[in-house]
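Student: Residues per chain, in single letters:
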Amino acid sequence: MSLLEVNDLTVQYGNNAVVDTVSFTVDRGESVGIVGESGSGKTQTALSLLGLLPRNAKMTGSVRFDGEELLNRGENHLDGFRAQRIGIIFQSPMQALNPYLRIGKQLRQILLQHKIATGNDADAKVNQMLDRVGLPDPERQFLAFPHELSGGMRQRVMIASALICAPDLLIADEPTTALDVTVQAQILDLLEELRDDMALLLITHDLGIVAGRCERLLVFQAGKLVEAGATVAVFASPRNEHTKRLLAAALRADRGEVLAPADAKTVLGVEGATVSYRDSHNARLQAVVGVDLSLREAETLAIVGESGSGKSSLVRAILGLIPMQGGRVVYAGEPLEGPVELRAAAQRRDLQLVFQDPVSALNPQMRVQTIVGEPLLVHESTMTAESRKDQVITMLQKVGLDESYLRSYPHQLSGGQAQRVAIARALILKPKILICDEAVAAIDSAVREQILDLLRMAQHESGLSIIFISHDLAVVRSISHRVAVMYLGRLVEVANSENLFALPRHPYTKALLDASPVPDPLVAPVAAPLKGEIPSSVSPPSGCVFHPRCQYAENICSERRPELRQIGGARVACHRAEEIDLSS
Amino acid sequence: MLLRLLGAIPTLLLVIVLAFLMVHAAPGGPFDDERVLPTDVAANIQAAYHLDEPLPQQFTRYMAGLLRGDLGPSYRYRDYTVSELIGSGFPISLQLGALAMALALLVGISSGTVAALKQGSMLDRVVMSFAMTGISIPVFVVAPVLVLLLAVKLQWLPAGWSGESGFAKFVLPVITLALPQIAYIARLTRASMIDVLGCDFIRTARSQGLGSKAIIRVHALKPAMLPVLSYMGPAIAAILTGTVVVEEVFGIPGLGQFFVRGALNRDYTLVLGIVIFYAALIISLNLVVDILYGFIDPRVRQR
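In the order they appear, the protein sequences are chains A and B. For the first sequence, this note's numbering gives the first residue as 1, with consecutive numbering after it. For the second sequence, this note's numbering gives the first residue as 1, with consecutive numbering after it.
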């Protein structure tokens, strides 16, 4: 008998089945991955196992855990299984933890409820658990509120809460989606380490995460289980068409073609750009420090870094959306100065921006026709309504949509369609430079490839230069000619793609590459390359800001700030770049 | 916090200026009567109370007194100062108001929570339609109806105040005052409780097998109380306003009654004194609410 047996599970809202006659099993101690795109029913399946779906969800079929039926049983019955037999970790630990309660109290309550420990025993057990999940100084963190912790630390608390009763099955629903790659690697390692002989059901959209970590794979599509099998077998010879598409769309940072550098003249130059803010405690936060960068004609320059690296601040300052405290930006021989609304119209139309979340970046009150046509209304005020409409239609066709979308509102579009509309709006003025700020981060992998193709095509047709901001090196590898790596507001390495991916020169670049999940079960996942988290930009470390996390750090690294130097084909800010060997 | 305290001063000053101007702009004066006084006598009285001076001068004089804590003499209750009148009326109004507020919180929060938990049920509908009624019917209608029903017809409770002793005389005025607040707080609690119960962290608590009692008590109640707490400021103001009507209807010698009498008699100092006293009271209670808010929401506290 398997630990978990799911038979013909169906979840319906009204007549709409979001999970459709799904059957699978999980054995004791086994790790099983559920993969699929957004809306494929993977989270709904996970929630239904523990009876956590909203009341209007209708569930049929059977979910047997250790021989006992769980589906449609009363809360009291389920409470005996929750936490004690089955633990669950949710995606976004900020929303999933109670912001009004100290974390120690949240964990303690679980022990009290299940009568596992009381009083000082419970406190001791909580501290012990916080220590096990790697929270520094657990006794102090016991009293912390969730918002006082970083995203990675919050997810550690979430894991502690799921494991504190030592369940037999752990369900992890996109446990690392909201986290930076280096932290993601730490969390996945932690799960592996603590799991022991516990069964794991790992739900994710990222094939790279399940590849090296799950024994079996379940592939979901539109509520149905379309393929199941050993991970190695599914990757090697997928039988289902959808699985094949998913595998084909999975990008990898460790191998594959890279683009040769574009050998053309510079269109945009950034010299010594410095951006700082005051944070909520009125402390000065150095978001960007002395960044020198250039963008060439018809080139895609990727800016890579984790949250807090200053990549978004840098491009916002270039666009004039936020003020720059130092340095200058030169576009086509002219300085780009001041806030965007004071800049010349020609400069404004030549630089356009695409955001990460297309649905919230589009005005929900406007139809697609108005959204895409609006730039023309501003910059081509003499154009007749009819020719404007013609241009909008032509533009929509270019991005793979057609006339039928003219009257749609943003909420009626899928994520991919909305991003096409956002790109159409950005390209309708035929800009010289397009800035994409995590433009494909929120989009399913199959659609992501189409969006990337769209960008490549626009570049090919009109010589568009693209600044492509991303945290995902696999995506960057597939689209960019050159890569600039940022850490804590500083450039640490700038190199052509062919150099950077073949031989990273900076230890941080190397760590980012190692932390990128590889969608290949034959490549063993590398242990988390970096310890700790990104320090605060309010009081950055001395010398090289990366030195506290760098395994190659020596005395000089904490004393002197490294300048960007030309080494081989790259510009690198590392004192020891020549000595250390980062190949492998 | 000190900044918030200092920020309250301009507000209070504005209230004083506006109240002063409005009182003096009202037609007639404190000593106008059916029986017309001889001109020289009238002039003497006016001079004695400095009412013959230009308005700015009167204002400066009043403010100087106010800074010393002196609200001046009442023009109508000749032997009393305004401070003495407030001292005699306020304890009664305070008792009424505090009892009404306590009742409103107790009944409002519990019925709102129950309605939220049984959302869509018969009980929920009963609570909500009662709340709707409570909000729509004004105090000056509820009070006479309650008196007619419970005091006159059924004779369960006293209709008036004077001559009664013990707790019974409080029942009708307190219920009258509390009713609209019960209604409002019940609706607020229900809405915010439903919001909170839909949050991800409640789903987390359910996944930990905490059971509905612990979920409400440990996880949901605190955040669900935030909107209710924000409403405490306006609620206090509404109850104070309510006491003016209720004291008049039930013949209670509280501050509200003095206020009405003062306004009708153009007792400038008394009206001004009560307005300033109430304004200061409402402003400081709002400050207390703000402090409590930070106490519940840790993210506000640290800013």
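Among the clues, some could well be false.
[Stated by the list, open to error] Restraint ranges, calculated between C-beta atoms of paired labels, are given here: (1) B:195 <-> A:411: 37 to 45 Å; (2) B:102 <-> A:58: 25 to 33 Å; (3) A:75 <-> B:293: 26 to 34 Å; (4) B:63 <-> A:381: 27 to 35 Å; (5) A:75 <-> B:94: 20 to 28 Å; (6) B:94 <-> A:339: 50 to 58 Å; (7) B:293 <-> A:281: 56 to 64 Å; (8) B:195 <-> A:366: 24 to 32 Å; (9) A:147 <-> B:8: 44 to 52 Å; (10) A:581 <-> B:4: 41 to 49 Å; (11) B:122 <-> A:7: 31 to 39 Å; (12) A:54 <-> B:122: 17 to 25 Å; (13) B:9 <-> A:147: 47 to 55 Å.
[Stated by the list, open to error] In silico DSSO-like cross-links for lysine-lysine, where the CA-CA straight-line distance does not exceed 30 Å: (14) A:125 <-> A:115; (15) B:153 <-> A:115; (16) A:115 <-> B:222; (17) B:213 <-> A:125; (18) B:222 <-> B:153; (19) A:58 <-> A:224; (20) A:105 <-> B:153; (21) B:169 <-> A:58; (22) A:115 <-> A:105; (23) B:169 <-> B:153; (24) B:169 <-> A:115; (25) B:118 <-> A:58; (26) A:105 <-> B:213; (27) B:169 <-> A:125; (28) A:105 <-> B:222; (29) A:430 <-> A:389; (30) A:224 <-> A:244; (31) A:389 <-> A:125; (32) A:430 <-> A:105; (33) B:213 <-> B:118; (34) A:398 <-> A:244; (35) A:398 <-> A:430; (36) A:265 <-> A:244; (37) A:389 <-> A:265.
Everything labelled a hint here was simulated from the structure, so no lab data went into it. Cβ coordinates follow ideal geometry from the N, Cα and C atoms, glycine included.
Student: Next step is simple, just say for each hint if it's right about the structure.
Tutor: How the hints compare with the structure:
{"no.": "1", "hint": "B:195 <-> A:411: 37 to 45 Å", "verdict": "violated (22 Å)"}
{"no.": "2", "hint": "B:102 <-> A:58: 25 to 33 Å", "verdict": "violated (44 Å)"}
{"no.": "3", "hint": "A:75 <-> B:293: 26 to 34 Å", "verdict": "holds (32 Å)"}
{"no.": "4", "hint": "B:63 <-> A:381: 27 to 35 Å", "verdict": "violated (58 Å)"}
{"no.": "5", "hint": "A:75 <-> B:94: 20 to 28 Å", "verdict": "violated (45 Å)"}
{"no.": "6", "hint": "B:94 <-> A:339: 50 to 58 Å", "verdict": "holds (55 Å)"}
{"no.": "7", "hint": "B:293 <-> A:281: 56 to 64 Å", "verdict": "violated (19 Å)"}
{"no.": "8", "hint": "B:195 <-> A:366: 24 to 32 Å", "verdict": "holds (29 Å)"}
{"no.": "9", "hint": "A:147 <-> B:8: 44 to 52 Å", "verdict": "violated (29 Å)"}
{"no.": "10", "hint": "A:581 <-> B:4: 41 to 49 Å", "verdict": "violated (60 Å)"}
{"no.": "11", "hint": "B:122 <-> A:7: 31 to 39 Å", "verdict": "holds (37 Å)"}
{"no.": "12", "hint": "A:54 <-> B:122: 17 to 25 Å", "verdict": "holds (21 Å)"}
{"no.": "13", "hint": "B:9 <-> A:147: 47 to 55 Å", "verdict": "violated (33 Å)"}
{"no.": "14", "hint": "A:125 <-> A:115", "verdict": "holds (13 Å)"}
{"no.": "15", "hint": "B:153 <-> A:115", "verdict": "violated (56 Å)"}
{"no.": "16", "hint": "A:115 <-> B:222", "verdict": "holds (24 Å)"}
{"no.": "17", "hint": "B:213 <-> A:125", "verdict": "holds (24 Å)"}
{"no.": "18", "hint": "B:222 <-> B:153", "verdict": "violated (43 Å)"}
{"no.": "19", "hint": "A:58 <-> A:224", "verdict": "holds (16 Å)"}
{"no.": "20", "hint": "A:105 <-> B:153", "verdict": "violated (55 Å)"}
{"no.": "21", "hint": "B:169 <-> A:58", "verdict": "violated (55 Å)"}
{"no.": "22", "hint": "A:115 <-> A:105", "verdict": "holds (15 Å)"}
{"no.": "23", "hint": "B:169 <-> B:153", "verdict": "holds (16 Å)"}
{"no.": "24", "hint": "B:169 <-> A:115", "verdict": "violated (50 Å)"}
{"no.": "25", "hint": "B:118 <-> A:58", "verdict": "holds (19 Å)"}
{"no.": "26", "hint": "A:105 <-> B:213", "verdict": "holds (16 Å)"}
{"no.": "27", "hint": "B:169 <-> A:125", "verdict": "violated (56 Å)"}
{"no.": "28", "hint": "A:105 <-> B:222", "verdict": "holds (14 Å)"}
{"no.": "29", "hint": "A:430 <-> A:389", "verdict": "holds (16 Å)"}
{"no.": "30", "hint": "A:224 <-> A:244", "verdict": "holds (16 Å)"}
{"no.": "31", "hint": "A:389 <-> A:125", "verdict": "violated (66 Å)"}
{"no.": "32", "hint": "A:430 <-> A:105", "verdict": "violated (56 Å)"}
{"no.": "33", "hint": "B:213 <-> B:118", "verdict": "holds (14 Å)"}
{"no.": "34", "hint": "A:398 <-> A:244", "verdict": "holds (27 Å)"}
{"no.": "35", "hint": "A:398 <-> A:430", "verdict": "holds (12 Å)"}
{"no.": "36", "hint": "A:265 <-> A:244", "verdict": "violated (41 Å)"}
{"no.": "37", "hint": "A:389 <-> A:265", "verdict": "violated (35 Å)"}
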